[in-house]
Amino acid sequence: MGATEDNRGVGIDVQLCAEIPADNAVFLERNFTKDEQTYCIKSSGPQASFAGRWAAKEAVIKAVSSAATEVVWTKGAGAPLKEIEILRTEGKAPEVIFHGEAKAAVEKAGIKGVKVTISHSGSYAVAMAVAK
Amino acid sequence: MGATEDNRGVGIDVQLCAEIPADNAVFLERNFTKDEQTYCIKSSGPQASFAGRWAAKEAVIKAVSSAATEVVWTKGAGAPLKEIEILRTEGKAPEVIFHGEAKAAVEKAGIKGVKVTISHSGSYAVAMAVAK
Amino acid sequence: MGATEDNRGVGIDVQLCAEIPADNAVFLERNFTKDEQTYCIKSSGPQASFAGRWAAKEAVIKAVSSAATEVVWTKGAGAPLKEIEILRTEGKAPEVIFHGEAKAAVEKAGIKGVKVTISHSGSYAVAMAVAK
Numbered sequence: 001m002g003a004t005e006d007n008r009g010v011g012i013d014v015q016l017c018a019e020i021p022a023d024n025a026v027f028l029e030r031n032f033t034k035d036e037q038t039y040c041i042k043s044s045g046p047q048a049s050f051a052g053r054w055a056a057k058e059a060v061i062k063a064v065s066s067a068a069t070e071v072v073w074t075k076g077a078g079a080p081l082k083e084i085e086i087l088r089t090e091g092k093a094p095e096v097i098f099h100g101e102a103k104a105a106v107e108k109a110g111i112k113g114v115k116v117t118i119s120h121s122g123s124y125a126v127a128m129a130v131a132k
Numbered sequence: 001m002g003a004t005e006d007n008r009g010v011g012i013d014v015q016l017c018a019e020i021p022a023d024n025a026v027f028l029e030r031n032f033t034k035d036e037q038t039y040c041i042k043s044s045g046p047q048a049s050f051a052g053r054w055a056a057k058e059a060v061i062k063a064v065s066s067a068a069t070e071v072v073w074t075k076g077a078g079a080p081l082k083e084i085e086i087l088r089t090e091g092k093a094p095e096v097i098f099h100g101e102a103k104a105a106v107e108k109a110g111i112k113g114v115k116v117t118i119s120h121s122g123s124y125a126v127a128m129a130v131a132k
Numbered sequence: 001m002g003a004t005e006d007n008r009g010v011g012i013d014v015q016l017c018a019e020i021p022a023d024n025a026v027f028l029e030r031n032f033t034k035d036e037q038t039y040c041i042k043s044s045g046p047q048a049s050f051a052g053r054w055a056a057k058e059a060v061i062k063a064v065s066s067a068a069t070e071v072v073w074t075k076g077a078g079a080p081l082k083e084i085e086i087l088r089t090e091g092k093a094p095e096v097i098f099h100g101e102a103k104a105a106v107e108k109a110g111i112k113g114v115k116v117t118i119s120h121s122g123s124y125a126v127a128m129a130v131a132k
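Protein chains in written order, with our numbering: chain A, 1 to 132; chain B, 1 to 132; chain C, 1 to 132.
Isolated chain A (complex conformation):
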């Protein structure tokens, strides 16, 4: 199981949108980059947009853990979400960019690439990621 010739990892996350304090500037500043905040606030539904991005970051953390052979996120729930940036280009899939400690941890774990996908409907956002 999970032999060395294929250590691809998977991560999923579901998030009740209403739980994300999208009008709390301190929370947003701690977890989202300036570009992410701008994108979500301009979107047709900022609350759902922030929730989707939050779910994407959590899914990426799980996918990286699933692909790695050692513990990657030594801070546990304190993993630096802002350092996992989710960028959008019109008509293309979202892209994951790592910064700072997250970037170092992911490189140390030997992760070469991460793909992520996001959706929301009704009261929920979901995201899933694959890392290899």
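Just so you know, nobody snuck in bad clues.
The list treats identical chains as one, so a pair stands whether inside a single copy or across any two.
Straight-line C-alpha distance at most 16 Å; calculated EDC-like pairs for lysine to aspartate or glutamate:
| hint | residue 1 | residue 2 |
| --- | --- | --- |
| 1 | Lys75 | Glu90 |
| 2 | Lys82 | Glu29 |
| 3 | Lys34 | Asp23 |
| 4 | Lys92 | Glu70 |
| 5 | Lys42 | Glu90 |
| 6 | Lys82 | Glu101 |
| 7 | Lys75 | Glu101 |
| 8 | Lys112 | Glu95 |
Hints in this document: simulated from the structure, not taken from any laboratory.
Please read all numbers here as calculations on a predicted model, not as lab measurements.
Here the structure of chain A is known, so what remains is to put chains B and C in place on it, guided by the hints.
Chains B and C alone, transformed into the frame defined by chain A:
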């Protein structure tokens, strides 16, 4: 990230079942093949069944975009959902069949295969797809 | 599609937590190992924890079916969920262990490994699995 040696793509979609107008013949005719309509209407819960299939089509569109290096669905939200058919065989995983413009676009993007999975519970349906 | 050089399979499952009879000892005993029951009962939210694990088992069944070329679960909905055990280690991804008939069926299908990921929020749990 997303190096050429592995351009596998992922797509997820969640759908509030109640949002799907399962009793609107024009909507159904525009988005589902005859076989899909027959399958969903005969199912124990047509509304959830149509929502699951809708989510599957959306997940496939995202997975193909995620796997491709160029924009695949040039019509954006007007992508031809009916041309992405989701077929079921008892006891086996659902199968994705592309038709018409969708088939041409997917082939042009160099996609060799797509796998999809669907689930619903309570008020929601979710689906995810992997393309390569 | 799904050519022999890559028969990776995917499975997703969503579960309304309230539908899982987490206080029904017979139900729990039939579907969860002792270790799983201990883990879920000790968790901060046993109902959501059992629902997440249930979703994970269903996602694993689907992923294995999606990866296989033949029907794997000949008992259909009567697949032995207790024989698909989901184990947790702090800070690491959940692990899938097969027992008994499930182990034999998965080996017969040529499955070499399965990865799974779980999440819950609000009233729902979701899980997805990849098999190869």
